[in-house]
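*Asks:* This is what each chain is made of:
Protein chains: 2
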Amino acid sequence: MNSTIELLQSHRSIRKFSEKPIDQSVVNQLVNCGQCAATSSNVQAVTVIQIHETETRHKLAELAGGQPYVASCGAFLVYCADLNRPKFACQQQGGEFAPGMTEHFIIATVDVALAAQNTVVAAESLGLGICYIGGLRNNPAAVSALLDLPDQVYPVFGLCLGYPDQDPEVKPRMPLDAVLMHEHYDSGVFDSNVNAYDETVRDYYLTRTGGNKDSSWSQEMKALVGKESRPHMDGFLKERGFLLK
Amino acid sequence: MNSTIELLQSHRSIRKFSEKPIDQSVVNQLVNCGQCAATSSNVQAVTVIQIHETETRHKLAELAGGQPYVASCGAFLVYCADLNRPKFACQQQGGEFAPGMTEHFIIATVDVALAAQNTVVAAESLGLGICYIGGLRNNPAAVSALLDLPDQVYPVFGLCLGYPDQDPEVKPRMPLDAVLMHEHYDSGVFDSNVNAYDETVRDYYLTRTGGNKDSSWSQEMKALVGKESRPHMDGFLKERGFLLK
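Heads up: the protein sequence lines correspond to chains P and H, in order. Counting from 1 along the first sequence, just add 56 to a position and that's the residue number in my numbering. Counting from 1 along the second sequence, just add 56 to a position and that's the residue number in my numbering.
Source of the hints: derived by calculation from the structure; they are not laboratory data. Incorrect hints may appear among the rest.
Since copy identity is lost for identical chains, a pair holds within one copy or between any two.
[Unchecked claim] Below, computed lysine to any residue pairings styled on SDA-like, alpha-carbon distance capped at 25 Å: (1) 283 - 152; (2) 227 - 84; (3) 301 - 207; (4) 227 - 301; (5) 294 - 233; (6) 227 - 147; (7) 301 - 62; (8) 115 - 69; (9) 115 - 204; (10) 72 - 150; (11) 269 - 97; (12) 72 - 108; (13) 283 - 243; (14) 269 - 98; (15) 115 - 241; (16) 76 - 111; (17) 283 - 98; (18) 76 - 239; (19) 283 - 295; (20) 72 - 149; (21) 301 - 286; (22) 294 - 154.
Quick caveat, the model's predicted, so the values are computed rather than measured.
Bound conformation, chain P alone (with noise of 0.2 Å):
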């Protein structure tokens, strides 16, 4: 154990943000940690456009489904998957882009995912708090739209960033043993597991709720992949270039 490993054991999302600004230069070496991450081939797949302007923040807010912590956080960053910048200095170099590979497409994520991660845990290690924004998928086109957003780039997720107002509990994590296999893939640890951790997280939203919400994790699970989830993202990914072949 040391102070790294205590911070990302601390984290929980923070949606209540106090009025106090984060420096740009604060911003800008968050954002250099995330380029600091490792990045497949050194594509650095990643564009971050950072959000001041008060009446976009609210739009943006709005579109994400109502967050709005998207408006009153300190910081709004609107993460890119961004292949449009390796295909400029591809064509630079006389090269020809290759559209909608899904490896191209998966690279592009998982760097931006990696990115932002290191963003993250530099932005806690400040005292500053973090929300990520998957809610910016519920229009991606009318972000894209926003933000001019050109072929070969999309938003994955925003993150709003901000010195926290609020203190929420760590939310428990299902059992080690159902994450952590060893040689080979095992369902048979989810039956234990995910039970108990059913229980877990009832208990968990029961307390936080003062008995209102009364909700298991698998009962979420239905929720979430027992209906079809932005049914738009497979036609909106392939207009804009991606996941073609």
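Place chain H on chain P using the hints.
*Replies:* Below, chain H without anything else, positioned relative to chain P:
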């Protein structure tokens, strides 16, 4: 600046490891740090398979395109995007799993990358070195067969962990101005920044290889995105129940 930020900024991949073993308790703690990362709707779509057996390690090293450190590192982890566990939970609740949603594929792939990066940061904070192994996607069907991965699970990458037996330089990254944009996407920043970075990368390779490697970032990008890359991925993923709609 603090020690965590310093740690993040000093990352470089390690491909030569000492024989010092890693305690299993340490590996468990590192994977737990990964679990503490944010996860979309708490889906925790990550399964980590630790490979201990020498023979399997050698097979994976081979499948990854001949990367001997997959076999020689202290611990080797295969990071899988796993919708099979939430599917199990959904079905346990009497729900019907909605297969093949591109949105679920993104959620699971991002979850894996966030978790892995937390594990990487924790590992480096303990003095361990790491190397991501995207090469597992060279032949994901063979990797899946070797590890008994069921449908709704795919190997995103591997991760080598171990005590470093080399001390390579930190690789320079793209200028921040080409990566952090404001309000809108602006490809106007590419020209000067990419040209400057091309020279930085050329110098880095020349110095590092004693003059043997003479290449710029743009040249590397032409080689990467100027041709099809792992063209089997699309078909493989569809066969495993991903990216169907």
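*Asks:* All hints, please: hold or fail.
*Replies:* Results of checking the hints against the structure:
1. Taking the closest pair of Cα atoms, residue 283 and residue 152 come within 25 Å of each other only across two copies (8 Å); inside a single copy the shortest separation is 40 Å, beyond that limit.
2. Only between protomers do residue 227 and residue 84 lie at most 25 Å apart by alpha-carbon distance; the minimum there is 19 Å, versus 29 Å within a single protomer.
3. For the identical chains of this complex, residue 301 and residue 207 are neighbours both inside a copy (16 Å) and across copies (20 Å), given an alpha-carbon limit of 25 Å.
4. In this homomeric assembly, residue 227 and residue 301 never come within 25 Å of each other (Cα to Cα): the closest approach is 38 Å inside a single copy and 32 Å across copies.
5. In this assembly of identical chains, residue 294 and residue 233 lie within 25 Å of each other by CA distance neither inside one copy nor across copies; the values are 38 Å within and 29 Å between.
6. In this assembly of identical chains, residue 227 and residue 147 lie within 25 Å of each other by CA distance solely across copies; the values are 24 Å between and 47 Å within a copy.
7. Taking the shortest alpha-carbon separations for residue 301 and residue 62, neither the intra-copy value of 42 Å nor the inter-copy value of 40 Å comes in at or below 25 Å.
8. Taking identical chains as interchangeable, the C-alpha atoms of residue 115 and residue 69 lie at most 25 Å apart only when both belong to the same chain, with a minimum of 22 Å there against 40 Å between chains.
9. Proximity of residue 115 to residue 204 under the C-alpha cut-off of 25 Å is restricted to the intra-copy arrangement: shortest distance 14 Å within a copy versus 46 Å between copies.
10. For the identical chains of this complex, residue 72 and residue 150 are neighbours neither inside a copy (49 Å) nor across copies (36 Å), given an alpha-carbon limit of 25 Å.
11. With identical chains, the CA atoms of residue 269 and residue 97 are at most 25 Å apart between copies only, with a shortest distance of 15 Å across copies and 45 Å within one.
12. With identical chains, the CA atoms of residue 72 and residue 108 are at most 25 Å apart within one copy only, with a shortest distance of 18 Å there and 44 Å across copies.
13. Taking the closest pair of Cα atoms, residue 283 and residue 243 come within 25 Å of each other only inside a single copy of the chain (22 Å); across copies the shortest separation is 38 Å, beyond that limit.
14. With identical chains, the CA atoms of residue 269 and residue 98 are at most 25 Å apart between copies only, with a shortest distance of 15 Å across copies and 45 Å within one.
15. Proximity of residue 115 and residue 241 under a CA criterion of 25 Å is satisfied inter-copy only: 17 Å between copies versus 44 Å inside one chain copy.
16. Within a single copy, residue 76 and residue 111 get their C-alpha atoms as close as 19 Å, which meets the 25 Å cut-off; across copies the closest is 55 Å, which misses it.
17. Only between protomers do residue 283 and residue 98 lie at most 25 Å apart by alpha-carbon distance; the minimum there is 16 Å, versus 37 Å within a single protomer.
18. Taking the shortest alpha-carbon separations for residue 76 and residue 239, only the inter-copy value of 21 Å comes in at or below 25 Å, while the best intra-copy value is 49 Å.
19. Within a single copy, residue 283 and residue 295 get their C-alpha atoms as close as 24 Å, and across copies as close as 20 Å, so both meet the 25 Å cut-off.
20. In this assembly of identical chains, the alpha carbons of residue 72 and residue 149 never lie at most 25 Å apart, being 47 Å within a copy and 33 Å across copies at closest.
21. In the homo-oligomer, the alpha carbons of residue 301 and residue 286 lie at most 25 Å apart both inside one protomer (21 Å) and across protomers (10 Å), since each shortest distance falls under that limit.
22. Proximity of residue 294 to residue 154 under the C-alpha cut-off of 25 Å is found in both arrangements, the shortest distances being 14 Å within a copy and 20 Å between copies.
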